[in-house]
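If you read the protein sequences in the order shown, they are chains A and B. Per the numbering used here, residue 1 is the first one in the first sequence, and the count goes up by one each step. Per the numbering used here, residue 1 is the first one in the second sequence, and the count goes up by one each step.
Incorrect hints may appear among the rest.
[To be verified] Subject to a maximum C-alpha distance of 27 angstroms in a straight line, what follows is the list of computed DSS-like cross-link-like pairs (lysine-lysine):
no., chain 1, residue 1, chain 2, residue 2
1, B, Lys157, B, Lys130
2, A, Lys68, B, Lys88
3, B, Lys85, A, Lys68
By construction, these hints were calculated from the structure, which means they are not laboratory data.
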Amino acid sequence: MNEPKNEATGRIPVAACAAEGAFFDREALLERVMRDDGLVRLVLSTFVADMPVQMDALRAALASGDEKGVRRQAHTIKGAAANVGAMGLSQWAQTMENLCVVGRLQEVAAMLTGLDDLWDKTLSAMGMGPDPSLGRSAV
Amino acid sequence: MKVLIAEDDATTRLMLIQVLGQWGYEVAAVNRGDEAVSCMAASDAPKLVILDRGMPGLEGVDVCRAIRSVETQEPPYVILLTGQKDAKSVVEGLEAGANDYIAKPYDVGELRARLKVGQRVIELQAALVKQVRELQQALAHIKVLQGILPICMYCHKIRSDEQSWQRIERYIAAHSDAQFSHAICPDCLAKHHPELADEPSSRGTG
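Whenever a hint applies, use it, and build me the whole structure from the sequences.
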């Protein structure tokens, strides 16, 4: 929480996300699906099933030095996370995308651990992970 | 109205399919840019398109260019869905042929309003195309008489292209869609039927 935002990269530390309650904004998702609780459940189950696939694809692109692929995967994670209200994850992915645009792939790779950490906490906030105490509301 | 959603992210695609379905749109969805181009090449292709900017196969702006390269009287209305909100990206998308753009994460009210704008434009476009088609069909049936017609100063016959002379009503009937009904003007009535000239009810009958 005391870790300052890195102005050069725009990184938002994981602890800061927790402090801002930004792991999962259920209200934003509810608004986006016209307050349909059933649809919220469907969207979240799709998100939870698909996001690990996208993160694996990001790792694979990084491992093969596929700059375009890394950028696209970071972009996809950013957009998907933003649409479901997982703003911490979305901002983290945006920072990765920004770094990729300027060719700093090593720094993107260094952010993978933080991405995994954010993912776990996002799952918990959604009430779908191992630590539901972090969540503001259950799905 | 049929809408194509081209979005590689499964979650966003699902949300759009469900929400647009609830609004009454008939939704088709693909997850690759090249599939979107194939879909738009069909004869019954949707007229309203939501394109994600970053997709495998073909980027959203390239899909836009491919769609716009096809000449049609009723081009589809294309909305780019993008996480890149900077002016340069927006300008690039619009110059590639997008009609509008929506930033991710989308606002549901804004999405609905922008779709309605697209629907209005499509309906207006379709109405204009229909009117132009009707006008073209009407013009195809209209024969226009123009130029100088040689007419006999006594009997008023007209010299036709074949150098023969035709009664004026036959000539006009042959060279236009006009039809004649016969009547008697007051002067001719007085000249040819003076016994009827004082009976107003008999004048001008066909």
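Each hint, compared with the structure:
1. Distance hint between lysine 157 of chain B and lysine 130 of chain B is unfulfilled; the C-alpha atoms sit about 42 angstroms from each other, more than 27 angstroms.
2. Taking the CA atoms of lysine 68 of chain A and lysine 88 of chain B, the gap is about 19 angstroms. The hint holds against a cut of 27 angstroms.
3. At roughly 19 angstroms between alpha-carbon atoms, lysine 85 of chain B and lysine 68 of chain A fall within 27 angstroms of each other, so this suggested pair holds.
This entry does not satisfy hint 1, going by the numbered hints stated previously; all others are met.
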